[in-house]
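> Be aware that the sequence shown starts at 1, since it is given in the UniProt record's numbering, and climbs by one per residue.
There's no promise every hint is true.
Pair ranges (Cβ atoms, derived) [stated by the list, open to error]:
1) A584 / E794: 43 to 49 Å
2) A584 / N801: 31 to 37 Å
3) S658 / E794: 55 to 61 Å
4) M290 / G673: 54 to 60 Å
5) T15 / V60: 41 to 47 Å
6) N19 / K42: 18 to 24 Å
7) A584 / E908: 19 to 25 Å
8) Q841 / Y393: 56 to 62 Å
With a straight-line Cα cutoff of 27 Å, these simulated BS3-like cross-link-like pairs (lysine-lysine) come out [what the hints assert, rightly or not]:
9) K492 / K527
10) K80 / K784
11) K106 / K42
12) K714 / K740
13) K609 / K645
14) K609 / K492
15) K645 / K619
16) K364 / K173
17) K230 / K267
18) K645 / K458
19) K458 / K382
20) K714 / K619
21) K119 / K665
22) K700 / K609
23) K609 / K642
To be clear, the hints were calculated from the coordinates, so they are not data collected in a lab. Glycine residues also receive a C-beta, built at the ideal position from the N, C-alpha and C atoms.
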Amino acid sequence: MAEIAVSFLLEKLTTFLQNEVGLLQGIPEDLEYIKDELQSLKAVLRVADSVGESNQELKVWVQQVREIAYDTEDTLDEYKLDVVNDHRHGLDAFLHQVCCFTKNLKAQHRIASKINGIKSRISNLSARRPNFDNNGTSEQGPSSIATVNPWIDRRGDALLLDRVDLVGIDNSKEQLVQWLVEGNSGRKVVSVVGMGGSGKTTLAKQVYDNTKVKKHFAVHVWITISHPLKIEELLRNMVRQLFDSIRKPVPQGVDDMDSFLLKMIIKGFLQQRRYLIVLDDVWHMNEWEMLDHALANNGRGSCVLLTTRNSEVASTSCIESEDKIFNLEPLSPDESWTLFCKKCFQKNSCPAELERHSRRILDKCEGLPLAIVAISGVLATKRHTVAEWETVYRSLGAEIEDNSRLINFKEVLLLSFNDLPYHLKSCFLYLSLFPGNHLIENMRLIRLWIAEGFVEAKEGKTQEEVAEDYLNELLNRSMIQIAGMTNDGRVKACRIHDLLREIIISNARDQNFVAVAKEQNATWPEKVRRLAIHNALANAQQNMNASHLRSLFVFDTGDPLSSSPTDTLIPNSCRLLKVLDLRAAPIENFPEEISNLRLLRYLSLRDTKITTIPSSIRKLQDLETLDLKHSQVSELPVEILKLRKLHHLLVYRYEFTSYSRFHSKYGFQALSGIGALQSLQKLCFMDVNHDNAIIIELGKLVQLRRLGITNMRKEDGKILCSSIEKLINLHALSIVSSVKEEVIDLQCLSSPPQLLQRLYLYGRLEKLPEWIPCLESLAVIYLKWSRLPNDSLESLQNLPNLVHLELLQAVEGDTLRFKAGGFKELKLLGIDKFEGLRCIQVEEGAMPCLEKLSIQRCKLLERVPLGIQHLTNLKVLEFFDMPEELIMTLGPDANIPEVYYTYWRNGEWEVYSLEGSAENGRSISTESLQSRFK
């Protein structure tokens, strides 16, 4: 996988040679030579990677290529640091230019010497490159590079499992059988989707062998897709199976036919028969597309059953109304335990003294059948003692790496990784930085990938949009899992399967891509490039060599401030650092060392106690993300305006209380001249402080996707509207007035941003702005303390994409009416503190998709909403601080699965369910309620 480092460097070399002028004679030529040699080595690296790493000589050669790529990257970055580009003016300008010339000349001589050394090294390596034939076999003989890959593809073993060995598939099998044998006469495609090892093939084989299925279809064929796909071989195999199934000879000349003729034979054969064809393990859309037209739609109720790790393949193949997608879920805890005991204890029960340790190990498997079978098989060979099993739990990563019984499990999970393009391999390996069970916020990940240089530029897209495509592709390939969604359907957080994480930690460490320190006195490679410190700052190795370090993360530190000086966090030698993430680190002052990290692109001091940012931050000219969310910073130095590459400026904090308070969001004092930061995409939250000049400046930030401002007055409205009209890329807008009673005047906005998806208005509105109902992209609207006239919401009911509407003191009047046909896509509705409200009416046909309704502090409301029985998709109904008598007016015909009523008492929430069982009388903290009911 040295290809990752080489490919990354080649892009960087191309950019460097295009942008750097005035290099000493010979440097560009040497760099071009290095670039050409690495380009030619890429193909060799790819073959070497597929051959395997069991041959030590090959492994060392690949490692040396990777080190050359890393050293070249370091040299380019050191040159950028050492070259002086400071152009001064004034009386000393001439002397300063002479000084700069001398320094730059020295820097160029240093880079010339290093590049020359690298050129020599790569020349020697190229002379020793292994040669492979067309089959990937070394041509240098068995004594050199030839190797035997110890792993044999055993995916077919799933076809040989006995019924008695299977757990938890009965319901899934019955559903799939029903889909296959029922329905109309058109061809149906059923796709089974899941990550590697989830049991797709096993389930499909049980369906394929089902008696009802066998009787229903005249022809049955099972095709396992090979990788890489050899289409003509696959089609010949299919022809043979089809003719064998009816006991007829295969047509003559099949071995010499091209793919077109083979498809014609297959289509002609299938045209007259009701068939079931299983395509097992389809990875890519083009594999399906190459077979699709050969599988005749013959009007006889034929079916194609497809298994895949890629949800995009499933959605592409299942485009007709009768087509179905089956997402294979992990085994339940009970099913997992049954399978574990069956494999580990030979169908006996687990000894009592081992149960707690068994369940801890089983939790790591997360319901993945292959993982459960593999791990339980290893444990079955161990001594059944607590000490032995505790050792396995603590060293599971090493066990996966070294235990021969787990080779197949490891390789099955790595199949998907090996199939990734190199840029996605970098992005995926990067996830090994995060602790186990850590929910990774997608925007954090996207900004980090960009800062690391993993995200390529594409015409017509921002890097953030390209990175989001990367994230979606990893999700589609079942490499990562969705861990949280926003109310409007965006991915909010993701995670990685625990055991897959253990595997990539090992790979990332072997490549010197990432090192993780989570034990006392942990050590890491001498040239470590990315370091994550977990659990304790004491894990930071004293006097470590950090001269090659590119990224530094600190997670879950529990150390007191007194024992954690910042010099243990940021070694003086790490001047090449591009990413510094000190989220929640126990620091109160801005570490002075940060200002000297001139290559820094990403800086997070979120959730720290830092109060001020020094003027020396001006040195960080490459900074793209500055994350100060939930720190104590409320003012930024004017020097921040020199950071012209800044994309994301997050300086705000919330105070969570029992209920929404007007003054609960704190941003930073506006800076005169903020319009200079024209690369900004996110700016939150800025206190405009009654300054019209600053509001005008906002109109210059035309790249903004997210804008949050506070302290708005009515008289600022016209100027603000003028600025907002220029922000054509805006996706989210949040405006907070100076005080609760202050009017937000947005009536003059004649051309609102058409891409606006989320709108948050906190303050009085004399009338609902006429442009809001015209924004068809709006998905989320918050109106708080608006006090609009009673009929104002009617104009919102036809918004085609509105899924979340949150209202706090938003409308005056005693009746709130939702009319038939209105709010057709709304899924979440919150109604809070409507002080005069006595009645809520829901007409039949209103809000047909509503899933969650929350009613809070409406003290005069006399009964549950009239017509609530019409909300047939309602899953959750919540009441906060509402009279119990009102709650009891909910009739049985409402048929709502979950009903909660909650009270703020004695500084905490008390949550009850209507049945008075599971959550009756349970008290929970404000933070957990905030998380649950946000």
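> The structure should be examined with respect to each hint, and the outcome stated for every one.
A quick look at each hint next to the structure:
1. A584 / E794: 43 to 49 Å: holds, 46 Å
2. A584 / N801: 31 to 37 Å: holds, 36 Å
3. S658 / E794: 55 to 61 Å: violated, 32 Å
4. M290 / G673: 54 to 60 Å: holds, 58 Å
5. T15 / V60: 41 to 47 Å: Given range 41 to 47 Å: violated, Cβ gap about 30 Å.
6. N19 / K42: 18 to 24 Å: holds, 23 Å
7. A584 / E908: 19 to 25 Å: holds, 24 Å
8. Q841 / Y393: 56 to 62 Å: holds, 57 Å
9. K492 / K527: Distance ~34 Å between K492 and K527 Cα, so the pair is violated.
10. K80 / K784: The given pair, whose Cα atoms are some 50 Å apart, is violated under the 27 Å limit.
11. K106 / K42: Answer violated: K106 to K42 is near 33 Å, above 27 Å.
12. K714 / K740: holds, 12 Å
13. K609 / K645: It holds: about 26 Å lies between the C-alpha atoms, which stays within 27 Å.
14. K609 / K492: Holds, at about 25 Å.
15. K645 / K619: At roughly 12 Å apart (the allowed maximum being 27 Å), K619 and K645 satisfy the hint.
16. K364 / K173: holds, 26 Å
17. K230 / K267: holds, 19 Å
18. K645 / K458: holds, 18 Å
19. K458 / K382: Measuring from Cα to Cα gives roughly 53 Å; hence the hint is violated.
20. K714 / K619: violated, 39 Å
21. K119 / K665: Violated, because 56 Å separates the two Cα atoms, which is more than 27 Å.
22. K700 / K609: Status violated; Cα separation ~32 Å.
23. K609 / K642: holds, 25 Å
Hint compliance for this structure: hints 3, 5, 9, 10, 11, 19, 20, 21 and 22 are not met, and every other hint is.
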